[in-house]
Amino acid sequence: MIAHLPALQVIIPLVSAPLCALLPAGRAVWLAAMTASWLAFLIAVLLLDRVLAHGPISYLMGGWPVPWGIEYRVDALNAFVLLIVAAIGAVVITFGREIVERRIRLPESKQSWFYTAYMLCLTGLLGITITGDAFNVFVFLEISSLSSYVLISIGRDRRALTAAYQYLIMGTIGATFILIGIGLLYVMTGTLNMGDLAARIPAVADTRTIHAAFAFLTVGVCLKLALFPLHLWLPNAYAYAPSVVTAFLAATATKVAIYVLLRFFFTIFGATFSFETMELDRVLLPLALVGIFSASVVAIFQDNVKRMLAYSSVAQIGYMILGISLVSVTGLTASISHLFNHALMKGALFMALGCVSFRVGAAKLERMAGVGRTMPWTMGAFVIGGLSLIGVPLTAGFVSKWYLVVGALEKGWWPVAVLVLITSLLAVIYVWRVVEVAYFKPAPAGQVVREAPLALLIPTWALALANLYFGLDTSLNVGVARRAAEMLLGVGP
Amino acid sequence: MAILGLYNYWIFIVLMMCGFYVVISSGNLVKKLVGLNIFQTSVFILYISMGKIIGGTAPIIVDRAVVYSNPMPHVLILTAIVVGIATTSLGLALVVRINEAYGTIEEDEIHAQDREEAL
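The listed protein sequences correspond, in order, to chains A and B. Everything in the first sequence is counted per the working numbering, starting at 1 for the first residue and increasing by one. Everything in the second sequence is counted per the working numbering, starting at 494 for the first residue and increasing by one.
You may find that some hints are simply not true.
[Unchecked claim] As a list, the in silico SDA-like pairs of lysine to any residue whose alpha-carbon atoms are at most 20 angstroms apart:
1) Lys524/B x Leu508/B
2) Lys364/A x Leu612/B
3) Lys364/A x Ile300/A
4) Lys524/B x Met170/A
5) Lys524/B x Leu585/B
6) Lys545/B x Val187/A
7) Lys110/A x Val589/B
8) Lys110/A x Pro18/A
9) Lys545/B x Lys110/A
10) Lys110/A x Gly26/A
11) Lys364/A x Asn304/A
12) Lys364/A x Pro376/A
13) Lys364/A x Arg608/B
14) Lys364/A x Glu610/B
15) Lys545/B x Thr209/A
16) Lys545/B x Gly190/A
17) Lys110/A x Glu593/B
18) Lys110/A x Ala586/B
19) Lys110/A x Arg590/B
20) Lys364/A x Glu609/B
FYI, nobody ran anything at the bench for these hints, they're computed from the structure. As the structure is a prediction and not an experimental result, all values here were calculated from the model.
Start from the sequences and build out the full structure, keeping to the hints where you can.
Here's what the structure looks like:
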């Protein structure tokens with residue numbers, strides 16, 4: 001059983017998806033989806049524990065030897081990402097039941113399908129992360145993308161439909177670019193196994209085919225992770241999707257895309273090829289900086305709080321790419337730990353916002369007047385998430401920004417460090433706009449708002465408290481991230 | 494001659510660019526999906542071409558040694574074809590829903606309605 005953990009990590013959510021479709025809407029289907037998600041989380045914990053204790057795990061699907069069969073390979077980096085994805089998947093589905101029943105544009109008879117799509121999306125994301133086969137990445141990417149288009153389209157607003165359509169177009173272009181890139185790699189190397197690719201690419205690295213493959217993969221993955229200026233699908237998709245879906249996708253989907261980027265650039269192509277031969281950092285660094293700055297400024301002017309947080313996500317992705325473009329252990333540590341911390345903070349923020357719109361009926365800023373007093377617990381969680389987003393000391397967000405600034409200073413790029421600090425101040429402004437309206441504006445007369453139900457509050461607070469916990473005890477989010485960074489750059493033990 | 498000999502790769506590039514152009518330039522949601530489909534189909538040709546060996550047969554085990562095409566890219570692209578079908582059908586389903594919600598499938602008219610609503 002223990003030996004098959006890598007396969008079970010993907011198979012359990014995969015099998016639960018059709019099961020959910022067969023169950024009647026209501027408690028039964030929710031329990032099934034929740035059980036499968038928490039099992040996936042348990043497996044992720046066990047895998048990370050084993051990887052940290054005994055080193056990378058290689059699992060051969062069906063016993064076919066590499067490179068003919070598909071290998072699942074778990075090392076410090078993807079065990080860490082698996083943990084994030086599975087944890088958020090489990091917490092959000094625990095949170096989701098009331099929202100699915102009351103706030104989604106689906107008749108009751110079709111609510112089971114929501115859970116099917118959700119579990120498929122989780123399967124896809126876990127699959128991308130765990131697999132050691134390049135083509136498998138594409139297949140799982142499409143599984144997660146197709147189900148996320150469905151999940152986004154069931155938002156209450158009709159603009160959810162156009163947002164999902166736009167994401168479908170952009171996402172498919174991105175995935176097809178990745179497919180072309182993988183195809184060109186196969187032409188030159190004759191293998192799809194990531195370890196094998198890494199071994200064979202250096203011999204043919206100086207060919208136009210490999211350079212083209214590199215370009216296609218870069219653009220494709222950057223579309224999926226919404227790097228500025230390829231982020232245009234993201235704000236609408238996040239703003240009009242149901243809040244359960246936004247919380248889940250914002251905390252996992254872009255993170256997994258960042259993981260794919262790291263895997264391709266560092267493990268498959270190798271840091272020397274990606275950053276010295278192709279000089280990718282010269283492209284990523286300015287895009288990351290412009291993305292951070294412009295998305296933060298745009299976030300300030302949003303009246304829909306969900307959209308504001310969506311733009312903030314684009315900025316946060318910029319921080320992660322900035323860490324990668326530093327190409328140093330500290331920079332990568334910052335990026336990888338920010339994957340984790342950003343999942344925690346955005347998960348908490350979007351879930352708190354889900355609680356607000358559950359009671360108030362919308363995520364518009366003006367509708368939130370006075371909710372700080374009528375929904376103190378919800379807004380308490382929102383404020384903690386917001387502080388973490390800004391990067392206030394003692395929160396998880398501070399830890400990764402600290403490493404990012406240190407990484408920039410190590411390189412002597414002090415303007416970059418200053419820009420990180422300035423954009424943190426921009427985050428103060430947009431978080432403050434929400435806090436001001438919620439706490440200092442009187443509630444509109446006649447509006448009766450009660451605190452959100454406990455079923456929503458407990459998962460939200462679990463993530464909010466995690467933001468505080470991982471701000472104090474950094475052995476997991478920084479310790480493992482540093483190990484992963486050292487492994488990627490090949491300098492560690 | 495080398496350029497002509499690689500004509501299937503040229504077809505791949507031309508189809509890919511045509512599809513991509515339609516996706517970007519067309520304002521009709523269905524036409525965009527058609528463009529997307531052409532774009533994806535071009536990649537099928539890339540994969541099928543790379544596995545083909547001139548004079549090669551189907552990869553079936555026989556007693557004597559023969560030249561055979563590489564079945565791997567062909568198998569891979571079967572998966573991608575299935576993905577393409579799923580994407581197209583999901584996209585068309587979304588267009589049906591958009592048409593029900595907005596009464597149009599022209600992108601600029603949809604944006605105009607959204608702007609009116611926002612005011």
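Starting from Lys524/B, check that the Cα of Leu585/B is at most 20 angstroms away, please. 10 angstroms, holds
Lys110/A paired with Pro18/A [C-alpha distance capped at 20 angstroms]: 13 angstroms, holds
Between the alpha carbons of Lys364/A and Pro376/A, is the straight-line distance 20 angstroms or under? 18 angstroms, holds
Given the hinted pair Lys364/A and Arg608/B, is their alpha-carbon gap at most 20 angstroms? Between Lys364/A and Arg608/B the Cα gap is close to 16 angstroms, so the pair holds against 20 angstroms.
Lys524/B paired with Leu508/B [C-alpha distance capped at 20 angstroms]: 15 angstroms, holds
Given the hint that Lys364/A pairs with Glu609/B, test it: the Cα-Cα distance must not exceed 20 angstroms. Answer holds: Lys364/A to Glu609/B is near 17 angstroms, not above 20 angstroms.
Under the criterion that the straight-line Cα-Cα distance not exceed 20 angstroms, is the pair Lys545/B, Gly190/A satisfied? 13 angstroms, holds
Pair hint outcome, Lys364/A versus Leu612/B [Cα-Cα no greater than 20 angstroms]: Between Lys364/A and Leu612/B the Cα gap is close to 14 angstroms, so the pair holds against 20 angstroms.
For the pair supplied as a hint, Lys364/A and Glu610/B, is the alpha-carbon distance within the 20 angstroms limit? Given that 20 angstroms is the threshold and the Cα spacing comes to 14 angstroms, the pair holds.
Given the hint that Lys545/B pairs with Thr209/A, test it: the Cα-Cα distance must not exceed 20 angstroms. Cα-Cα ~18 angstroms, so holds.
Lys364/A paired with Asn304/A [C-alpha distance capped at 20 angstroms]: 4 angstroms, holds
Given the hint that Lys545/B pairs with Val187/A, does the C-alpha gap stay at or below 20 angstroms? Holds, because 11 angstroms separates the two Cα atoms, which is no more than 20 angstroms.
When each numbered hint is compared with the structure, a violation occurs for hint 9 only.
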